[in-house]
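Chemist: Sequence:
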Amino acid sequence: MRQGLLNLLPPVTVTALLLFWGNAPAALIDNRATLVIVIVTVVLFVQLLELRFERHEGWRINWRELATDVFYVVLGFTAISWMTDTFAEGPLRNAKEALGLTSPWLKTLPFLVQTFMVMALFEFGQYWMHRLMHNNALFWSTHAPHHHITKLNAAKGYVGNPIELFLISLSVIALFDFDKAAIFASASLGTAISTFAHANVRSDPPGWYSFFFTTIRHHSLHHTALSYEDTRCNYGNVLILYDRIFGTYREGESAVVGQDERRRLTIAEQFLFPFRPLISRWKAKGA
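First residue of the sequence shown: 873, per our numbering; consecutive thereafter.
FYI, nobody ran anything at the bench for these hints, they're computed from the structure. This one's a predicted model, so the numbers in the text were calculated from it and none came from an experiment. Honestly, I wouldn't trust all of these hints.
Below 25 Å or equal to it, Euclidean Cα-Cα: the simulated DSS-like pairs (lysine-lysine) are [to be verified]:
1) K979 with K968
2) K968 with K1023
3) K968 with K1052
Here are the computed distance ranges between Cβ atoms for each label pair [as the list claims (entries may be wrong)]:
4) N966 with L1004: 22 to 28 Å
5) E1133 with L880: 46 to 52 Å
6) E1133 with L877: 34 to 40 Å
7) G1124 with F1147: 47 to 53 Å
For each residue, glycine too, the CB sits at the ideal point set by N, CA and C.
Using the sequences and the hints given, assemble the complete structure.
Modeler: What follows is the structure in structure tokens.
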């Protein structure tokens, strides 16, 4: 009975978020702080679930892991958000205005349709960016720090090299005239699904949910420590459906995650990881 209720938590959370954004007053929707509060609340909720309904003892969070995760959550809402708005979404909005691109008909669509259209558009870009990162050495150097994590926890989706975190945030949503409530709802749903997919929570959602959305089973296999080659599957951060469509889906689960003999990187090492060849050359010249 209890396990059945645990398995329903991801779809129930998604439903609750849809109900909130679909009925929230304009004053809340127009305040960006509402989105931040909702996302942080979701991550905190799932983090607390880990303490009571642990999936793997080896993933049990400690104070060092928690401090690192909190650092990256703050980084995501500050520096990475600023980079995305300044170098991606801002220029796209300016280009949209300059070119006179409008799509007012989108706001006439039902709220649920808009929400899942935003999710599908954003995740399509994320899927291909993520897949590129696993199939190109230069892009892999930015993404590899995320795969050096040795425990999967609620906020681990925020952990990685800043270059990767910026690249994975890119989208074309700013070119379209979606309702703000649908955009915020999609962001909240994506956070909830991705958070559960990184969390050490003993929850296995129903088959209909895991057919469309990424779960901890799918994503733990993507993070497996078996080998680099074994991580080249299940790229969908939120929509595992794209892996099913494009032939990169793999069934299974992994309780052991990490890369390179599962050595945990410090924050400094995560930041400097893509520049290691340059640093090695510089040190060689100095010697």
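Chemist: State for each hint whether it applies.
Modeler: The hints, checked one at a time:
A C-alpha spacing of about 17 Å is found between K979 and K968, which places the hinted pair at or below 25 Å, so the restraint holds. Among the hinted pairs, K968 with K1023 is inconsistent with the structure: their alpha-carbon atoms are about 42 Å apart, more than 25 Å. Distance restraint check for K968 and K1052: the Cα-Cα separation of roughly 17 Å lies within the 25 Å cut-off, and the hinted pair is therefore satisfied. Between N966 and L1004 the C-beta distance comes to about 26 Å, which sits within the given range of 22 to 28 Å.
Look at E1133 against L880: about 38 Å separates their beta carbons, and that is not inside 46 to 52 Å. Taking 34 to 40 Å as the suggested C-beta distance range, the pair E1133 and L877 conforms, at roughly 39 Å. Range check, G1124 to F1147: about 34 Å between beta-carbon atoms, so the 47 to 53 Å window is missed.
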